[in-house]
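These protein sequence lines map, in sequence, to chains Z and X. With positions in the first sequence counted from 1, the corresponding number in our numbering is that position plus 8. With positions in the second sequence counted from 1, the corresponding number in our numbering is that position plus 8.
It is worth saying that the hints were derived from the structure and are not from the lab. Some clues are possibly wrong.
Reference listing, derived: stretches of chain X covered by chain Z, where coverage requires no fewer than 3 residues with Cβ under 8 Å from a Cβ of chain Z [what the hints assert, rightly or not]: (1) 121-129; (2) 321-334; (3) 394-401.
Label-pair restraints from in silico Cβ distances [to be verified]: (4) Z:Arg72 / X:Val283: 38 to 46 Å; (5) X:Asp10 / Z:Pro90: 20 to 28 Å; (6) Z:Asp239 / X:Thr316: 30 to 38 Å; (7) X:Gln26 / Z:Ala153: 21 to 29 Å.
Sample of chain X residues lacking proximity to chain Z, with all beta carbon distances greater than 10 Å (derived) [as the list claims (entries may be wrong)]: (8) Tyr54; (9) Gln57; (10) Lys69; (11) Tyr133; (12) Arg149; (13) Gly214; (14) Val216; (15) Leu298; (16) Leu345; (17) Val365.
Values in this document were obtained by computation on a predicted structure and should not be read as measured data. In this text, a Cβ means the ideal position worked out from N, Cα and C, and glycines have one as well.
The chain contents come next:
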Amino acid sequence: MSRGVRRVTAPLLVVDGVTKRLSEGVTLVSDISLSIEAGEFVAITGPSGSGKSSLLYLLGLLDRPSVGRVILEGRDTADLPPQDLAALRLARVGFVFQFHFLLPEFSALDNVLIPIRRRAVLKPPAARERAMALLDALSLADAAAKLPEQLSGGMRQRVAIARALANDPALLLADEPTGNLDTKNAAAVFDIFARLAQQEGRAVVVVTHDADLAHRATRRIHLVDGRIVSDERA
Amino acid sequence: MDLILDLARGMLSRRRRQTLVSVLGVALGVAFFVAIASLMRGFQTYFIQQVIDVQPHIVIKDETRTPTPQAAVIAVPDGAVSVNGVKPVDRVRGIRSAGDKLAILEAIPGAAAAPILTGPALLRYGARDVTITVTGIDPVRYRRVANLAKDIIQGSLEELRSAANGLIIGDTLAQRLGVQLGDTVIAVSPRGVTLQMKIVGIFHTGLVALDQSTGYALLKVNQVLQDRPNVVNQILLRLADVTQAEPLARQIEARFGDRTESWEEQNRNILTVFVIQNAIMYSVTGAILLVAAFGIYNIISTVVFEKTRDIAILKSLGFTEGDIQRLFLVQGVIAGLLGAVLGCLLGQLMIEALAQVRFHTETPAGNDRFLLARDWRIFAVASFFAVASAAFAAVIPARRAARLDPVQIVRGAA
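Chain X extracted, bound-state conformation (with noise of 0.2 Å):
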């Protein structure tokens, strides 16, 4: 095989300056999908990331998938009856026995779980109101579940439990209302319950709809201003394990019948674009790379033409069709390695440049430049797509080279 080798890197040396265009040819696709990818992963990651720290793994609400079945579709199964204008019995909405599935699902390891209530109100200070959504929650249990405390900028979540009627609201709202730390603000809720509530905490988590209309209290408060007594509308889990989110979710919706979503179904539209993002890389990238097998069919060929007198030799010495065959595939694969360690170098520069990269504008997450995975795998990929499809270009001239019958060269030769 070395003898192959030494073969292959004599004929491919006469050939310098072509072999090198197709070699920069498959670094510039090397290089490109290592950047492109670098850069979409990062983003995907950091968003990910996100997704996964801020908000809860498994999120249980007070609904079912399908709806209830009406009365008549449950006595008659397979009738053809239809009642239409039903009015739906006026029950409580919740979570039912949420004491007891709170309990079962803090049995589970490495799950957190914290029942909360939500509900709309109307926050009035002064001449100015603004509708918010109240997040009732218990301190102890939220903070197992949810970065909150971290994104308190003013006072503390603890305070919720000192102060009566302690209210906590992003920092946008509060520049709305003009109210700050210690204000008093009076909450209305649709059901006509009126409270003075004190802001004990400003926060601040770069999305604009939850720093601008959010408001965090106490779950018993927030239940008597939404006249709700001891009702939980959503349990909220967080897990050690977020990849165990979905089929938990799965286990959770069989066992208890509350509709359960896992932060994937949660973020699927998101997650989808991901899918779709990924599809155009590698068709972009795989475009690329197709043009530079091209251009090492070209170099591989140019030899194999050039080099007939060569092969007749080899062959009259007792070199296989195999032989010669190997002997310009591999010179496919030197090529293609080439272009793959000159493109990794290559796409590894053009990552860096992008990391110098910075924006002028403030992103929510407080983001100014590109974010970038530099991950080994990304230029294995990379590498192993150069070379298979460099191999698989010089195949064909590789074919021709193995069947040039030296005879007929010989004799043309003379």
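The following block holds chain Z by itself, in its conformation from the complex (with noise of 0.2 Å):
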């Protein structure tokens, strides 16, 4: 709306004033308000230490402001139950972290379908054709039966993004992604979720440290000591 721009729907993340301190005194994140459209690819980037994770976490509801509210999609969480929480998180937000968290015990295809089966809205065969599809669309289709140790790293990052995209989520969060990644599969992994935002009109926000990376999201948001320092759209 800053620039101009007339939005006939509310926009899809609200953070309004939202501060979280521990209990021991210590302010993670302060007073932050943002909102994020649909098909926005944002890039949180800081110092170590400067909430950049934290703010990811309440974007995400896996976390609780202290003070504030996040509001997703119109629906203020703040008074949520936890397993309404839950049940946003299943099936309205996908996370990635900086390492992969595959089960080990199951295949890739296994990994994709346990959001799926958990949401249980799919029959088992549909949802097995989703996870298929979601596994071709990364370019992992060969890789579907094997476990995750017999996985490349990038490999087994694609497999968790397949994973966090599973019950077509409107908000993608990813936690330093590219963290354990050579270049190559660090870029990669950007061109996805790239394509994830252009194409597929999802939120994504990514938490990194790498500027290059950074320079080729629609917009940048610089957190030094839990505050917004400058919110920048390419």
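Both chains are sitting in their own frames, so use the hints and assemble them into the complex.
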């Protein structure tokens, strides 16, 4: 709206005056307000300990703010009980972490199937079809039956992305997703994120400390000491 | 739910050896329970069966449960009167109007009744004499309440009628006296009556007390011997449904006033021993299962500790605390179920092994082996307790897992 574009629908995610303090009196994130639209590819940058990850967990409803509100798709999440937050995460939010966190006992396909099966909207054949399509879109069709330990680092991270996309979330959040990847794989992951935002209209928020990669995002938010110091769109 | 099951299986499969050890712990508990319970139940059932088989189900005696009150106490119920040294009237002991009572008892459906008169007598044969208890019976009626006919190894019950003053004695007694079938012995009662009695049968029950000091004669004959004409001092009852013995005994006692004992009352001391035996068995196997539960607790705790990252990712994916708790409870139940199945198999093997054991001594019943109850209910009870204790043991680690904060774990891993 700062650019004067009229929006018919409400923003996907609104963060309103959010502060997160730990009980020991440490403030991780302080008084942050921002809104994220569908189709935006946001990079959050900042030095270590600037609260990037903490902000991301708040955006993804994994953590609750000490003060302020997080409104996802017009729904204020402040007073929701934990199981409702979990249901929202399941259906609307996808997480990718620095470590792939794939369950080691399950194949790539089964890992992608876990959130789909948990949501239990699709019947088993349809669920498998969707999981295969996701893997296929990330060039992982051949890896479907393999265990995580049989995959390369870049492939594992792509499986993790496929898992995050399992229930077709509106919001994809990634915490240093390229932290353990080489340059080539890291670039590939960012290409995927860009595509997910531009072509599929998802809001993608990536925490990174890699300035080069951050420049590929359409919007860059820079944090210092838990506060936004710059918020620029490309 | 099948997703939770799949996840649980996957997690346990990573700790296969440790899981196996915990499962074995449960299995041993179940197996011991099954084997010991089978052993004890087998013996107890056999024993009770013996009692029910051999003994009458209800015995009506010629006495009352409380002594007849003194005349002074009847006259002054609340008074401070006590008379000592009162000599009771020398009345003829015996069940009064036994004939009428017998008729009433025989009208009870499913019940057979037999009147008897028991009394001591001295048996003399040559230079030997042995004191025995003579039971006077009516063979037709007695046959319906006891298995004497089955235990007779020489002669027969019927010959009591045909021979004058016939007597059937135990085989040990026959040996002690040195008599054989057809010999005549002299019986002397405390009242001084002397009868010449002919041995018309020899029985063997296996119970030493019975075999060496009991004799059976016709009721009429014993009434003469004891000098108690027309007296009956016990009425024995046998029921089609043994479980009715105790309530029926109470009814009879309330109606007739005579002391009436069911087989349960007569064997109360041993039945009490069974209760204690069972209590010991349950506590021992309970202790084994408790140890097994610690094994389950250990494995689930280990898995929770090792799988903190997986728990964090599952929560971030949208699994609720309840899902996570269920995930680990299910692992406990799986371990418990595996243990139960393995334990039942192991227990069955132990039962088969015990069944092969032979003692080279002859027990009264002629058994030289363990008496084993092969009852599916024992397995069911053992399995139930195994699974329940395993689930219980998994509760604490499962709750801990459910409460883990994914943010802290993800942060710690980064």
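Each hint, compared with the structure:
{"no.": "1", "hint": "121-129", "result": "violated (count 0)"}
{"no.": "2", "hint": "321-334", "result": "holds (count 11)"}
{"no.": "3", "hint": "394-401", "result": "violated (count 0)"}
{"no.": "4", "hint": "Z:Arg72 / X:Val283: 38 to 46 Å", "result": "violated (57 Å)"}
{"no.": "5", "hint": "X:Asp10 / Z:Pro90: 20 to 28 Å", "result": "holds (24 Å)"}
{"no.": "6", "hint": "Z:Asp239 / X:Thr316: 30 to 38 Å", "result": "holds (35 Å)"}
{"no.": "7", "hint": "X:Gln26 / Z:Ala153: 21 to 29 Å", "result": "holds (28 Å)"}
{"no.": "8", "hint": "Tyr54", "result": "holds (51 Å)"}
{"no.": "9", "hint": "Gln57", "result": "holds (54 Å)"}
{"no.": "10", "hint": "Lys69", "result": "holds (71 Å)"}
{"no.": "11", "hint": "Tyr133", "result": "holds (86 Å)"}
{"no.": "12", "hint": "Arg149", "result": "holds (74 Å)"}
{"no.": "13", "hint": "Gly214", "result": "holds (63 Å)"}
{"no.": "14", "hint": "Val216", "result": "holds (67 Å)"}
{"no.": "15", "hint": "Leu298", "result": "holds (31 Å)"}
{"no.": "16", "hint": "Leu345", "result": "holds (20 Å)"}
{"no.": "17", "hint": "Val365", "result": "holds (45 Å)"}
Going through the hint list in order, the structure does not satisfy hints 1, 3 and 4.
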